[in-house]
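Chain X: place on chain B using the hints.
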Amino acid sequence: EAGVTQFPSHSVIEKGQTVTLRCDPISGHDNLYWYRRVMGKEIKFLLHFVKESKQDESGMPNNRFLAERTGGTYSTLKVQPAELEDSGVYFCASSFRTGGTEAFFGQGTRLTVV
Amino acid sequence: QKEVEQNSGPLSVPEGAIASLNCTYSDRVSQSFFWYRQYSGKSPELIMSIYSNGDKEDGRFTAQLNKASQYVSLLIRDSQPSDSATYLCAVNREGGNKLVFGAGTILRVKS
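Top to bottom, those sequences are chains B and X. Every position in the first sequence, counted from 1, becomes a number in my numbering once 117 is added. Every position in the second sequence, counted from 1, becomes a number in my numbering once 43 is added.
One or more of the hints may lead you astray.
Under the rule of at most 25 Å between Cα atoms (straight-line distance), these lysine to aspartate or glutamate pairs were calculated in the DMTMM-like manner [as the list claims (entries may be wrong)]:
1. B:K161 <-> X:D70
2. X:K85 <-> B:D147
3. B:K158 <-> X:D121
4. B:K161 <-> X:E58
5. B:K171 <-> X:E137
6. X:K45 <-> X:D70
7. X:K110 <-> B:E219
8. B:K168 <-> X:E88
9. B:K161 <-> B:D147
10. B:K158 <-> B:E169
11. X:K85 <-> B:E219
12. X:K99 <-> X:D121
13. B:K195 <-> B:E169
14. X:K99 <-> X:E48
15. X:K110 <-> X:E48
16. X:K99 <-> X:E46
17. B:K158 <-> X:E48
18. B:K158 <-> X:D70
19. X:K85 <-> B:E159
20. X:K85 <-> X:E137
21. X:K99 <-> X:E58
22. B:K161 <-> B:D141
23. X:K45 <-> B:E159
24. X:K45 <-> B:E219
25. B:K195 <-> B:D147
26. B:K161 <-> X:E48
27. X:K110 <-> X:E88
28. B:K161 <-> X:E137
29. X:K85 <-> B:D141
30. X:K45 <-> B:E169
31. B:K158 <-> B:E200
It should be emphasised that the hints constitute simulated quantities derived from the structure, not laboratory data.
Just chain B, same shape as in the assembly (with noise of 0.2 Å):
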């Protein structure tokens, strides 16, 4: 079974641009997270999705990010325009139930913003 996929695994952006990362979670899993990892500092949640619905999106750091899970598969997270603290690692996981169950993360995608 395929576990939570990310692409693109790194990008290196210019201050300013758009960049859009999409998230595939594991099959069957109604719940997908965002987390985002900047430099020195914890993984911090951005927001989850249950199915296509925005559960908790109470992380977003502001309005320069847009997540969004069509259909209730897999989800983007757009940042525009990108800004230098912008940059870190961003993850998404996927759960098959709500309230505290294991949740299991793909390989991330490092943005650096220039």
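Below, chain X without anything else, positioned relative to chain B:
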């Protein structure tokens, strides 16, 4: 005070020894606790979950939870060089869906 605290390490242990990794958390309503292992440049890999007080064993790994002390630990028996990685403690609030992570402890197992 951070919500989840871990000693950043590195923790160095000889091959075959027991490695003890510790984590404290501040939110008393936390109900679910997880240990992830992360090799450099790789995804966090779930290795243990624990939900109730006491010990939970899985192979060479034992997770220990003490909710009264707000403390969770991971013991790795017969440590191997391949166990060298960063170990992340993650905590989930009661009824919540998001994980709160510690900064991770770097473990180095020397052969």
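Here's how the hints hold up against the structure:
| no. | hint | in the structure |
| --- | --- | --- |
| 1 | B:K161 <-> X:D70 | holds (16 Å) |
| 2 | X:K85 <-> B:D147 | holds (24 Å) |
| 3 | B:K158 <-> X:D121 | violated (30 Å) |
| 4 | B:K161 <-> X:E58 | violated (33 Å) |
| 5 | B:K171 <-> X:E137 | holds (19 Å) |
| 6 | X:K45 <-> X:D70 | holds (10 Å) |
| 7 | X:K110 <-> B:E219 | holds (19 Å) |
| 8 | B:K168 <-> X:E88 | holds (23 Å) |
| 9 | B:K161 <-> B:D147 | holds (21 Å) |
| 10 | B:K158 <-> B:E169 | violated (29 Å) |
| 11 | X:K85 <-> B:E219 | holds (18 Å) |
| 12 | X:K99 <-> X:D121 | holds (17 Å) |
| 13 | B:K195 <-> B:E169 | holds (16 Å) |
| 14 | X:K99 <-> X:E48 | holds (21 Å) |
| 15 | X:K110 <-> X:E48 | holds (15 Å) |
| 16 | X:K99 <-> X:E46 | holds (23 Å) |
| 17 | B:K158 <-> X:E48 | holds (12 Å) |
| 18 | B:K158 <-> X:D70 | holds (19 Å) |
| 19 | X:K85 <-> B:E159 | holds (15 Å) |
| 20 | X:K85 <-> X:E137 | violated (29 Å) |
| 21 | X:K99 <-> X:E58 | holds (23 Å) |
| 22 | B:K161 <-> B:D141 | holds (20 Å) |
| 23 | X:K45 <-> B:E159 | holds (10 Å) |
| 24 | X:K45 <-> B:E219 | holds (22 Å) |
| 25 | B:K195 <-> B:D147 | holds (21 Å) |
| 26 | B:K161 <-> X:E48 | holds (14 Å) |
| 27 | X:K110 <-> X:E88 | holds (24 Å) |
| 28 | B:K161 <-> X:E137 | holds (18 Å) |
| 29 | X:K85 <-> B:D141 | holds (17 Å) |
| 30 | X:K45 <-> B:E169 | violated (32 Å) |
| 31 | B:K158 <-> B:E200 | holds (18 Å) |
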